[in-house]
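> So the chains spell out like this:
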Amino acid sequence: GAVVSQHPSRVICKSGTSVKIECRSLDFQATTMFWYRQFPKQSLMLMATSNEGSKATYEQGVEKDKFLINHASLTLSTLTVTSAHPEDSSFYICSARAQGPEQFFGPGTRLTVL
Amino acid sequence: DAKTTQPNSMESNEEEPVHLPCNHSTISGTDYIHWYRQLPSQGPEYVIHGLTSNVNNRMASLAIAEDRKSSTLILHRATLRDAAVYYCILRDVEAGGTSYGKLTFGQGTILTVHP
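Protein chains in written order, with our numbering: chain Z, 1 to 114; chain X, 115 to 229.
Warning: the hint list may mix true and false statements.
Claimed, not checked - Straight-line distance between alpha carbons at most 27 Å, and here's what the computed DSS-like set of lysine-lysine pairs gives:
1) LYS183(X) / LYS117(X)
2) LYS216(X) / LYS20(Z)
3) LYS14(Z) / LYS64(Z)
4) LYS14(Z) / LYS66(Z)
5) LYS216(X) / LYS117(X)
6) LYS216(X) / LYS55(Z)
7) LYS117(X) / LYS41(Z)
8) LYS216(X) / LYS64(Z)
9) LYS14(Z) / LYS41(Z)
10) LYS41(Z) / LYS216(X)
11) LYS66(Z) / LYS216(X)
Everything labelled a hint here was simulated from the structure, so no lab data went into it.
Based on the provided sequences and hints, a complete structural model is requested.
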């Protein structure tokens with residue numbers, strides 16, 4: 001199957017700093033990319049959907065100024081958590097889709113904000 | 115999105131078949147039934163999807179009830195590597211079959227496989 005990578009896999013930062021997470025589709029062009037967040041022992045929650053070259057569409061309750069999403073190319077999307085606080089500590093997972101219905105997920109990025 | 119109901123957890127022994135049920139009584143005509151699984155500390159992985167007919171692939175089989183109000187994911191011989199959270203998700207497809215709805219994850223079923 002198609003491969004989606006994320007970088008970094010794990011990041012620890014101080015409260016108030018910003019963190020950027022990269023998501024890449026390695027062997028296919030992703031028309032749409034998705035960002036999810038998962039707290040411990042909970043299910044995945046969709047944060048936003050982005051199409052290449054367009055502004056991201058955020059789910060209700062997700063602050064677009066705090067979670068900046070850039071989908072600059074068909075193989076790269078970035079999520080920047082601005083002014084991170086301990087409550088932003090979570091497992092962030094990206095997903096990508098080409099033309100078909102199958103979505104391919106990255107391995108996730110574990111963010112810890114001290 | 116139409117809702118699905120799955121048992122919180124199930125257990126199986128290694129090399130035995132596993133039947134994971136999913137109820138979706140409010141499914142609409144354009145909803146596909148998707149199954150994904152998530153191994154510990156990893157992103158979800160696609161398992162299988164179908165609309166009306168039963169489906170088979172190298173990972174699993176999907177049995178869909180005639181009225182489409184329920185489905186069952188079948189792992190023919192469970193291995194320890196199949197221990198994961200299994201998510202049953204309904205996803206609609208727009209007319210023309212080129213645009214798909216969002217994947218909205220519920221709580222899923224935690225599958226434990228015993229050696």
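> State for each hint whether it applies.
Now for the hints, and whether the structure bears them out:
Only pairs whose Cα atoms come within 27 Å are accepted, and LYS183(X) paired with LYS117(X) is accepted, the gap being roughly 11 Å. With a C-alpha separation of about 24 Å, the suggested pair LYS216(X) and LYS20(Z) falls inside the 27 Å cut-off, and the hint holds. For the hint linking LYS14(Z) to LYS64(Z), the alpha-carbon distance of about 21 Å falls within 27 Å, and the restraint holds. As the CA atoms of LYS14(Z) and LYS66(Z) are separated by approximately 16 Å, the hinted pair is consistent with the 27 Å bound.
Proposed proximity of LYS216(X) and LYS117(X) is supported: the alpha carbons are some 13 Å apart, at most 27 Å. A threshold of 27 Å between alpha carbons decides the hint, and for LYS216(X) with LYS55(Z) the separation of about 17 Å falls inside it, so the pair holds. The suggested pairing of LYS117(X) with LYS41(Z) holds, with an alpha-carbon distance near 20 Å, which does not exceed 27 Å. The hinted pair formed by LYS216(X) and LYS64(Z) meets the criterion: a straight-line CA distance of about 18 Å does not exceed 27 Å.
Taking the CA atoms of LYS14(Z) and LYS41(Z), the gap is about 24 Å. The hint holds against a cut of 27 Å. Of the supplied pair hints, the one linking LYS41(Z) and LYS216(X) holds, its CA atoms being roughly 22 Å apart against a limit of 27 Å. Of the pairs offered as hints, the one joining LYS66(Z) and LYS216(X) holds, with about 22 Å between alpha carbons and a cut-off of 27 Å not exceeded.
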